[in-house]
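Here the protein sequences line up with chains A and B, keeping their order.
Just so you know, the first sequence maps onto residues 151 to 630 in our numbering.
Just so you know, the second sequence maps onto residues 151 to 630 in our numbering.
Just so you know, nobody snuck in bad clues.
The list treats identical chains as one, so a pair stands whether inside a single copy or across any two.
Derived DSS-like pairs: lysine-lysine, alpha-carbon spacing no greater than 30 Å straight-line:
no. : residue 1 : residue 2
1   : LYS206    : LYS283
2   : LYS459    : LYS211
3   : LYS592    : LYS571
4   : LYS211    : LYS174
5   : LYS449    : LYS510
6   : LYS459    : LYS209
7   : LYS373    : LYS561
8   : LYS283    : LYS435
9   : LYS567    : LYS606
10  : LYS487    : LYS211
11  : LYS272    : LYS428
12  : LYS536    : LYS214
13  : LYS209    : LYS435
14  : LYS174    : LYS389
15  : LYS606    : LYS211
16  : LYS199    : LYS428
17  : LYS389    : LYS283
18  : LYS272    : LYS199
19  : LYS487    : LYS272
Quick caveat, the hints were computed from the structure, so don't treat them as lab data.
What you are looking at is a predicted structure, and each value in this text was computed from that prediction instead of being measured.
Protein chains: 2
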Amino acid sequence: MSEMGITVKKSENFSEWYTQVVLKSGLADYAPIKGCMIFREHSYAIWEKIQEIFNKKIKEKGHKNVYFPMFIPESFLKKEAEHFEGFVPEVAWVTTGGNSKLEERLAVRPTSETIMYVTYAKWIRSWRDLPIKLNQWCNIVRWETSATRLFLRTREFLWQEGHTAHATEEEADTEVMEILNIYRDLMENYLAIPVLAGKKTEKEKFAGALYTTALEALMPDGKVLQMGTSHNLGQNFAKVFDIKFIGEDEEEHYVWQTSWGISTRMIGGLVMVHGDDKGLVLPPKITPVQAVIIPIPYKNVDTESIMRKANEIFEKLQKNGISVVLDDRAEYTPGWKFNEWELKGVPIRIEIGPRDVKEKQVTLARRDTSERLVVKEEKTVDTVTKLLEEIQNTLFNKAKKFLEDHTTTVKTFDEFKEALKKKGGFIRACWCSSPTCEEKIKEETGATIRLLPFEKEKLFSNCVCCGGEGKEVVYFGRAY
Amino acid sequence: MSEMGITVKKSENFSEWYTQVVLKSGLADYAPIKGCMIFREHSYAIWEKIQEIFNKKIKEKGHKNVYFPMFIPESFLKKEAEHFEGFVPEVAWVTTGGNSKLEERLAVRPTSETIMYVTYAKWIRSWRDLPIKLNQWCNIVRWETSATRLFLRTREFLWQEGHTAHATEEEADTEVMEILNIYRDLMENYLAIPVLAGKKTEKEKFAGALYTTALEALMPDGKVLQMGTSHNLGQNFAKVFDIKFIGEDEEEHYVWQTSWGISTRMIGGLVMVHGDDKGLVLPPKITPVQAVIIPIPYKNVDTESIMRKANEIFEKLQKNGISVVLDDRAEYTPGWKFNEWELKGVPIRIEIGPRDVKEKQVTLARRDTSERLVVKEEKTVDTVTKLLEEIQNTLFNKAKKFLEDHTTTVKTFDEFKEALKKKGGFIRACWCSSPTCEEKIKEETGATIRLLPFEKEKLFSNCVCCGGEGKEVVYFGRAY
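Same shape as in the complex, but just chain A:
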């Protein structure tokens, strides 16, 4: 495996480094079909963790999981004009079933608003039927034409999409923020990725929404990754799909709706933010394996006692809820195993050699800092537990500091361009609120407005682009 290690530095060729880490750590592989990828066991296990965490949180709040068909008749997609325009360039179409040409072609879902809301219209009659709070985990297809980037840009990916319907605008507003906060908790406290939260501009919002809220993270190359979105759809879809209910007032009303999603692209963010020149570095609260035990048998030394101790420690850790693997494969050397588990990003390695047995101790190695420490055997569980917490915090704080260090406040367009060129990251600037300036900045710099903060920040200059009156402080960035 040593020749299989990462051959470029993260700081020197970020893009190539990323691809190598994803492929060599066993997270994913290119599929034998253009634009698609294979989620291998290592990334799928992370995805299962994300599902478990998120399912628990939304179910506590009364959401239920369901599954709707993946095929959407073209006529449904067309009903909401803005929505159709937004998605149609990237739709894959089924035109033939068996030996028959279909009368109407079917979209492979690029998102499920339309197929679900046709049904909501049928299900919802009275205020007693509200709220409806449904979620589904599924595959999504968007026929990208630009180059494939594993996890970040592929024609098929996995996500969850939540779709709720409420009696009032306030309830929909509350739902949007409740979900955004659950997302933020998942990203910051589990994935250890700090995010900025806010609203999207009219130009950047979801096609068909009243407004879109989002969470944006900063990658080490200075580019911004959108990690999740939560939309208030207002009554736009309700009017188009005729989703009405009889209220307690006995009048007919349109429902208020929200939709929200996070996808497997978060795993790409996880790789980029925490990985290093040796491979993946996974936060303890999201990794499928928190600790790996590697026995180190020496020639002419009592291997049996080493294996016995390795097994004892394995069982002790497992009993204490730590997700641990004992790598006792005979066909690989300890050195090969060290490299492989480092590549896979496992937070803690536990080495057990003859000396450890003799001294009743174990040797621990931290993946994030490469620090090694020797602890008394009876302290193993305590130390590992504490270390996992520490690693989780260290990773988050490091990423948080990077985000802060790469958020630059600028007053002029020259400062804007220079900051973007030199440091990348988030550019904090005042904006006149006109789409013309938004567009001009994008054309000249490639940066878009990532977020309007939820709480308006204090103005400190005129519009960074036109010099006209500044209306709000916003965050720009070049996005993935």
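Got chain A sorted already, so can you dock chain B onto it with the hints?
Chain B only, in chain A's frame:
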């Protein structure tokens, strides 16, 4: 809801009864696109239970979950001729991506052997890479043209498909049976559905397999439902996709492969086997809700003490690992709630009225037998726990007895036809092993050979069809 109850008897119009139970219990709904269905929250929660149980069992045996692309180039499907012929009549084809016609049309996966094995060929180099034991949970499309039956026959459904590669034939044989046993455990001990196990004939085996093993259950209308299959693919796909490894002997070998699957159609089986004239009846080990607490407030009576006690019991049951719901909705009457939860098949109802509070007792009602019993409050957890076990066993035993009572041994073709007409079920008969007789029986009676028992049973007559020498005892039935 009372007008929403089931309006036909299971014994009188089975097919209509089935559809009503599925729709009215909230398990599923027809989708607004032909041939497709919506898995609503109640059935999806059952599916999640099945996933949880099965994932635990296969992961313990070293299998890993992954996700492969849903699109399969036509040329891949064509590589294994038998496989292609078997699936091509039911394939949905994507021909357009965005605004461009694709150069090669893509199948929406009807099963994933081909796309996965192209990749296995790339991944497998040496004996150290074996075994590969992967599984995926995903959606599957088969463009059915016959009438839609919720859960049983829809154009899209959900399943898991396992795909393993091994160094030897023996390992593949062992894998096939290990999985079949896990399936059987899931079906009998969780779904409470007894099954017969055995091999398929050449005619009925999976397209491209060396042999197919299967589990078959008997439905109350006398028809047989295939619940799961586990195939030994031999080296057929390995030769076509060139999946070779260098063995410990330093020679090149083709791998031996297996594939296996269970799908959401099992939920259809669950409905049919256990349901009754009041709706669903769910086995305690697979139901999302094991017990529902319904407070029964009377006019002019102290409602607060009833609610307090309901909450206390709710917490006590939950703390003891029982999945319980407290239905405290004010907008519905207790009678309405009784009907709804019966329709949904929840095993135990717990009623708490003024008298129960006064006497420090609760009233329990069993869904399966409608039996009611009054128990002292402090015995609630114990009694519920014991009752759940009892209900689980009762349901299984009842279904088991039905299967046994509807398995008829016949010696002549007249007896065969009569038994099939009168009782349906499994027909046990001797067969000469010729495909001609197999085909003739199918044409004349609609019955197919469901299984060849793993252990040959003692012959008791000549071939039930041609009167020639009987070669083996097999089980026939009319299948869904």
